[in-house]
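**Student:** Spelled out, the chains give:
Number of protein chains: 2
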Amino acid sequence: MKPIKVGLLGLGTVGAGTFNILRRNQQEIMRRAGRSIEISMVAVRNSEKAARLIGDTCVIVDDSFQVVNNPNIDIVVELMGGIEPAKQLAFTAIANGKHVVTANKALLALHGNEIFKAAQDKGVMVAFEAAVAGGIPIIKSLREGLTANRIDWVAGIINGTTNFILSEMRNKGLDFATALKQAQELGFAEADPTFDIDGIDAAHKATIISAIAFGISMQFDKAYVEGIRQLQAVDISYAEQLGYRIKLLAITKRTARGIELRVHPTLIPSTRLIANVEGAMNAVLVQGDVVGASMYYGKGAGAEPTASAVIADLVDIARMATADPQHRVPHLAFQPEFIGTEAILPMSEITTSYYLRLHVSDQTGVLADVTRILANFDISIDAMLQKATADESQTDIIMLTHQTQEKKLIAALEQIEKLQSVLGSMTRIRVEKLT
Amino acid sequence: MKPIKVGLLGLGTVGAGTFNILRRNQQEIMRRAGRSIEISMVAVRNSEKAARLIGDTCVIVDDSFQVVNNPNIDIVVELMGGIEPAKQLAFTAIANGKHVVTANKALLALHGNEIFKAAQDKGVMVAFEAAVAGGIPIIKSLREGLTANRIDWVAGIINGTTNFILSEMRNKGLDFATALKQAQELGFAEADPTFDIDGIDAAHKATIISAIAFGISMQFDKAYVEGIRQLQAVDISYAEQLGYRIKLLAITKRTARGIELRVHPTLIPSTRLIANVEGAMNAVLVQGDVVGASMYYGKGAGAEPTASAVIADLVDIARMATADPQHRVPHLAFQPEFIGTEAILPMSEITTSYYLRLHVSDQTGVLADVTRILANFDISIDAMLQKATADESQTDIIMLTHQTQEKKLIAALEQIEKLQSVLGSMTRIRVEKLT
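First to last, the sequence lines map onto chains A and B. So for the first sequence, the numbering used here puts the first residue at 715; every next one is plus one. So for the second sequence, the numbering used here puts the first residue at 715; every next one is plus one.
Hints may be right or wrong, so weigh each one.
A pair holds if it fits inside one copy or across any two, identical chains being indistinguishable in the list.
With a Cα cut of at most 30 Å, we get these calculated BS3-like pairs of lysine-lysine [to be verified]: (1) Lys1101 x Lys801; (2) Lys886 x Lys1147; (3) Lys716 x Lys836; (4) Lys1121 x Lys886; (5) Lys801 x Lys895; (6) Lys831 x Lys763; (7) Lys801 x Lys836; (8) Lys763 x Lys1122; (9) Lys831 x Lys1101; (10) Lys719 x Lys763.
Keep in mind that the hints were calculated from the coordinates and are not lab data.
Please construct the entire structure, taking both the sequences and the accompanying hints into account.
**Tutor:** Quick look at the structure:
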């Protein structure tokens, strides 16, 4: 069979990785795909630097539109990142009847609905395994491996930077700022780490996961996003004493009242396998009604793991290129005519358990006051820990609650914080048992 | 699109599970597959019992050949187990141009090469996700998710019965016989547990994994198989003290000298995620040159997890039915013309580390004698533990070796066992660091 021709947009870390792996494992990939996959054109900002990297094995251009408008190219691989011009390039490629492979989670979380609609109308594929946890075939597992299941929920550690920082904070007792600085020095966090540490990157990925798990459209604007910037070392330590680890978890869950979609620091029982995912590794735990729990673990980022996902998509497209579009794996796992309309629940409506830390003056009756307020809101306590502080007249009270609705908890906290014996604001971190 | 018609052979645990899930999740599966999947004929031994189970929703017959010869059936699902008549039925179904879905690992490990050849010649698909770790889409991940990778090795806990027994032995300090009895009472082990505890079931699955990981034919007859029957509680305890857990591991590895394919009890560092896979759960760790390590975790057996895999295969076939055969995912991950000829290495040629336990009389010079013999065979020691026993004149010496070739170790052990101070035979368990 004749080679399939690929145009590559961007030759940064992942682009260069994709180029190199396609060359290094050419034979192995050919043995699987049955035809060779050739990068015939690359669009870059700096064509001289690109020429030094990849030699004269393919045409190098500085105008990306030359790639998406090139009639000889079958598949466009978009690895530029960002919204524009990636979005316009994707639409142009689709309009020109090309398949698209992208690692661009922001683009899909924000504009996936229109992009998949355009691809559907044109009968081309948009593949995005690389957009979520590159080293783990989680998109494929959800879209194809678990098709027999009604998915109940998915919970994932899907941002390596924050997991690295949290692991360092726990293992070395560091505070957030120090751990972040180390992560930056080691290349695990970017100079501007906002997208990672504020949870936005994880929320983009969670939005994609929620769509393919439940057969709904992308609703990034409805996602609740809370990062790890505020997390204190003391809470990691108290959590540990209670038998929990704190992870930045992306959670999407089907409930009778709507779909939950949220990213926030989360206490997980330390006996759970996913609580033991350390460093920059990713893991996604899926609960399906037929298989029960299954977990997928691997590297989430980096040149080669992401390139692995890009190339797997290229092989898939090479294999499915001749299938009639109705028989291909649907973009969002479910056939377009069956995409549901379930709304994402507002955060105040979700139900979970909570870790609470109060700093109180050590006087009779404080605990009675606090627990009475919680009881008034039907919030019951699962575990408690009282810890002396340096100042003998003050103490830390740490509580784990049973499940309650977020808005009830917020209302209770408002009353508790007004108590005279409660000093400063309370710390509140959500708890998930993942069962 | 019109429904795809399925004929089911066998209505035991998995057959009934498949029937029930297809009914229970009919809507969810239709939303994904784009067409409905209908079981239109079931072959069973006891048709009255079957009628009570599934009502009159489809034709029930007691002659399986009526199913595989029925011109209205598109896909035959074989869930009878065993070699005959399953083998003849599979060949007849293929000859009649039907796709086949099977959970029969023994059939594939022993006769997969001929079955896939026949399917290839006829242009039909034989799908077998359910044959290995049903609750985990590991076949799909290896065949499709990791196509960019040259797979270095795969190591898996792929037999739930033995993992349950080993977990119980460790957690409760039980001996093998007691743990086995409990497992049988709880339904985790069969009345005749031979296939599970002697490692044969795991070896069938490992044979399938080795074929799709490395693009070689099935070579079950070359697999090394050692079960957990001989494993003693004391070694689980010593391993723990050295920082290891003992698991029945299926390992297949590409080396410069050939492919390793082996199933045996294995010490794994207890900090590894896979060492913490407990009870009847399965996990498969894959090392690829591009993604690095990735792990897949879930239920390995049981009606519903296996049915989940069977139905995922049905959806895949429904989707790929119209693709031309050259563009489908190849049965053994690699195109038939590119299946390699690498041989499985004899066990004596493999390289690994070892846990050794010697029972010795506590006299001067024993250790010097033992270590001198090991040194003569170039075997160096990584860690050692000496433990008093009830009899003060005797002691246990436990050693972990560095990597060596199995035949060297066997030769060294022969000499060591001849030492007068060494009492009885030595215990030897392989160690894998999995890095």
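**Student:** Take the hints in turn and mark each one as holding or not.
**Tutor:** Tested hints:
{"no.": "1", "hint": "Lys1101 x Lys801", "result": "neither (53 Å within a copy, 67 Å between copies)"}
{"no.": "2", "hint": "Lys886 x Lys1147", "result": "both (25 Å within a copy, 25 Å between copies)"}
{"no.": "3", "hint": "Lys716 x Lys836", "result": "both (23 Å within a copy, 24 Å between copies)"}
{"no.": "4", "hint": "Lys1121 x Lys886", "result": "neither (35 Å within a copy, 44 Å between copies)"}
{"no.": "5", "hint": "Lys801 x Lys895", "result": "neither (33 Å within a copy, 62 Å between copies)"}
{"no.": "6", "hint": "Lys831 x Lys763", "result": "neither (37 Å within a copy, 49 Å between copies)"}
{"no.": "7", "hint": "Lys801 x Lys836", "result": "within (16 Å within a copy, 44 Å between copies)"}
{"no.": "8", "hint": "Lys763 x Lys1122", "result": "neither (58 Å within a copy, 52 Å between copies)"}
{"no.": "9", "hint": "Lys831 x Lys1101", "result": "neither (56 Å within a copy, 69 Å between copies)"}
{"no.": "10", "hint": "Lys719 x Lys763", "result": "within (23 Å within a copy, 57 Å between copies)"}
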